[in-house]
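Asks: Since the structure of chain U is already known, use the hints to place chain Y on it.
Protein sequences, first through last, are from chains U and Y. In terms of numbering that gives the first Met the number 0, the first sequence is residues 0 to 367. In terms of numbering that gives the first Met the number 0, the second sequence is residues 0 to 567.
Derived by calculation from the structure, the hints in this document are not laboratory data. C-beta: ideal position from N, C-alpha, C; glycine also. Hints may contain errors.
Stated by the list, open to error - Facing chain Y, a subset of chain U residues (Cβ under 8 Å, in silico):
#, residue
1, Val27
2, Met219
3, Tyr221
4, Gln345
5, Pro364
Unchecked claim - Below, computed lysine to aspartate or glutamate pairings styled on EDC-like, alpha-carbon distance capped at 16 Å:
#, chain 1, residue 1, chain 2, residue 2
6, Y, Lys504, Y, Asp321
7, U, Lys324, Y, Asp295
8, U, Lys324, Y, Asp348
9, U, Lys289, Y, Asp307
10, U, Lys264, U, Glu292
11, U, Lys324, Y, Glu349
12, Y, Lys479, Y, Glu563
13, U, Lys289, U, Asp257
14, U, Lys322, Y, Asp189
15, Y, Lys566, Y, Glu550
16, U, Lys322, Y, Asp321
The chain contents come next:
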Amino acid sequence: MFARAVALYNAGELDGAVREYKAILAQVPESVAVRSNLAVALAHLGRYGEAIEQYQRALAGNLSGLSPAMVQEIHFNLAVAYYQSGQFPQAVSELVRLRAAQPQNLRLALLLADCRLRMSEYQKVISLLSPFAAANAENGALDYLLGMSLLRSHRVKEGEVYINHILSQGDSPQARLLLGAAAFEDLKYDDAMKDFQAAIKLDPHLPSAHSFLGLTYMQMGYHDKAIQAFRDEIAENPNDFESNLYLGALLKDDQNYDESLRYLKRALEIQPNNLAAQYQLGTVYLATGKLAEARAELEGITRAAPNFVEAHVSLAMVYYRLKDKADGDRERAIVRKLNAAAQAQQPAVKAAAGEAYRGPTQTVPQVQ
Amino acid sequence: MNKLSRRQFLNAAAGLMVALPGGRSVRRLAASPVSSPLFEAVPASASHITWVHTNARSPERYLPEALPPGVAFLDYDNDGWMDIYLVNTGPCDFYRPAKPTPNALYRNNRDGTFTDVTAQAGVEGGTFGMGVAVGDYDNNGYPDLFITAYGRCILYHNNGNGTFTDVTERAGLATPGWTTSAVWFDYDNDSRLDLFICSFVDYGAQHHFDCGDNKLGLHFYCVPRLFKPTHSFLYHNNGDGTFTDVTHGTAIEQSLGKGLGVVATDINNDGRMDLFVANDTVQNFLYVNHGNGQWDEIALAAGVGYSDNGVPRSGMGVDAVDLHCNGWEDLFVANVDHEMFSLYRNNHDETFTDTAHENGIAQATRLLSGWGLKFFDFDNDGRLDLFLADGHPDDMINQTFPTVHYREPLLLFRQGPDGLLHDISREAGPIFSKDFPARGLAIGDYNNDGRIDVLIGNNGEAPLLLRNNAGRGNHWVGMKLTGTHCNRDAIGARLMWSVEGRVMKILKNNGGSYLSSHDPRIVLGLGTARKLDWLEIHWPAPSGRVERFTEVPVDRYFTIVEGEGIKP
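Chain U with its partners taken away, still in its complex shape (with noise of 0.2 Å):
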């Protein structure tokens, strides 16, 4: 049964497979291997639900009989069933781990890092990857992921020198990708436009670039052209963040609320402590009159960051909705003074450099 399982594996009849190794699991369910191979023909089949639990079930089982790196292999493809999935920070949790093992497996790493930039975590993608860079400069994954981290840091002189490798191979999609990123940090909205549509001209697969054109039309004023893009991405890429989120705080200005809780919790799933998602659930819960839930997630908000003024002013008109006018005025206190700090802290006062007119649009407020 194992054999013709494995065959029809081998075979890409993924169904018939499953069905074999349910059939022997039956009989055998402490067998870790046949649970093992279950689970990588469901992975296969986009069944991640149901191979995420039969790799945990493998990785319970007794493991004595096999090699250290097998088992690697298992927390593996539990990593990237996660990363498919869009569990970053479960597949974070399984691949640090097994880094600790291979600190010098880049595979390992590179994987890591795509997690790490999904999750906006760019620090920890170039504290990650910079050792990495000089014996592997040829490396496109890696020029991507550590110049587009950069990128995403402000620190766009440094992201160019990864730019300049990838544009050192030619024209390509990544490469397009890069350059309106830098753009895009740069405010240059009009050059990171052209080069994001070039980019999905040239892979309209390509992850991110559906992405990085909604927020460049978004701060361009293109609402509607903000929000198809957005969709665009998540089509092809249902575990982006930043198109959940983004779509979402669009879609909740539209007063199209059903729709942009929908995104807002997608974007929540991806990334549970995102206080900007959070935060933008908690407005959604305002909005349509839902006080209860949107005092419990305002409250979580506020105690997670203090500073995070915005929470603060929602949540008194929450409690002022409310009738607790006590509750209420005390959030009011506390978002005067967060704002004298904040006015406090201005060139005009400090006497330095100014700010023009205005800066980027903040369509999802962030924590300072």
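Replies: Showing chain Y alone in chain U's frame:
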């Protein structure tokens, strides 16, 4: 290794570039023929208004250059025809004009033309003027002028003989700092008009610093966020030509803002006039008047202080309006681009709900920056409409944001039978396909045809006088209210009337728009109805008198004097 720079790469690969989306995203209007424009520009050659605003624009880009001017319709000589006042810049700590840059008073010649009477009236200004608030503070029947400024503000007392006297210091109104919009209203119901003055930021030439991309050697106007906020001022009218600053110890003093627009209204129908202030980069303020000089600032609790994202916006223009004539005042704020404007529906419990989206206002104003604005029934169909004047404060904004422009189009929204506002700018005439650096906006019927016209102040350019051609065939009732026991301008009066059985009501609030003052007369549109069933005037305190009229003249202006009835 090939070390192409980003731009070198782009040049080499130019053939791969995809086409840009065409045009700008601000609504551009097709040059479709309009048989009868709803509003039509009156050229200087026809109006004889030749005055041009001087914005004092310098290479350093001092912020006060970007904000004016305000404009006003007023009947300074009480002849029943609206005259025009225009505010100009002038000498200050960063500006020394090579030649005088006076304000202007234009007398209405009653034939569509105006005559400059500034010098003989003695209202040249001579300070770095911002806006103007018109009100009869001494109840002598002649409107007085308060000019706000970066620097010295001015109170011009109307002598009743075509001349004015600067009585600022004598009146006790020498207000420090940078004042913007102001409003006359009777906050303590003692029948005398008091004065609220918005104060903008703590600014002076010594505080100026460079903003913008200095690598290019360009200076942009700094965002007001950088400057310290200030408190606004409330002056009590003592009834003897003097005023007392009663700001101290009130919520007005405690609320540090960057005020640009103000309207006096009554948001809770308690008979006391409240204040709504639009602030730039700071939350808006809603001051509720509790009487006895007690004020509460409730904007956050009321839902009018911040955006839905808990962020203070750049409030500039403001208005209060009973949009559906149901007895409750709604509020409006115009903000800067990307922030969208707000239309706050009164929930009757001192809270408001932003209805800008359902009225199409948010969508239409996404990339615009709004200043002067006013709700009025432009076509006399019995429903209140909205006129908006726009323009970005930074003349170089387009270098950073290609979809945002310094000169912006006017917008006209008409209220439909569904009670919603609809953007009809496309059908309103060729003037709506042009762009302006608009700031102040005043409404007034300068040709007394019952159709309310519009006057717009443009930064650094000539003003724009728009003749209203709309609503032909609709009937109207036009009236000036003159209080005898309440304040003479009857600010705070409530009107109720019935047309073909439909009862409506409005409050005569004051202020609104930006830096500007409006025709004080009230025009009620009747649609095709030929008469009012009845009209009630509820005179404000301390009078409280209610008068009911059933024989009301139609299609002409008249005066109602408190306790004395209708005068021709």
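Asks: Work down the list of hints and note, for each, if the structure agrees.
Replies: Results for each hint:
1. Val27: violated (56 Å)
2. Met219: OK, holds: U/Met219 within 8 Å of chain Y, min 5 Å.
3. Tyr221: Because about 6 Å separates U/Tyr221 from the closest Cβ in chain Y, which is inside the 8 Å limit, the hint holds.
4. Gln345: holds (5 Å)
5. Pro364: holds (5 Å)
6. Y/Lys504 x Y/Asp321: holds (8 Å)
7. U/Lys324 x Y/Asp295: holds (14 Å)
8. U/Lys324 x Y/Asp348: holds (14 Å)
9. U/Lys289 x Y/Asp307: holds (15 Å)
10. U/Lys264 x U/Glu292: The given pair, whose Cα atoms are some 13 Å apart, holds under the 16 Å limit.
11. U/Lys324 x Y/Glu349: holds (14 Å)
12. Y/Lys479 x Y/Glu563: Measuring from Cα to Cα gives roughly 13 Å; hence the hint holds.
13. U/Lys289 x U/Asp257: holds (13 Å)
14. U/Lys322 x Y/Asp189: This hinted pair is violated, its Cα atoms lying about 34 Å apart.
15. Y/Lys566 x Y/Glu550: OK: Y/Lys566 and Y/Glu550 at ~12 Å, within 16 Å.
16. U/Lys322 x Y/Asp321: Since the Cα atoms of U/Lys322 and Y/Asp321 sit roughly 26 Å apart, the hinted pair is violated (cutoff 16 Å).
Consistency note: the structure conflicts with the earlier hints numbered 1, 14 and 16.
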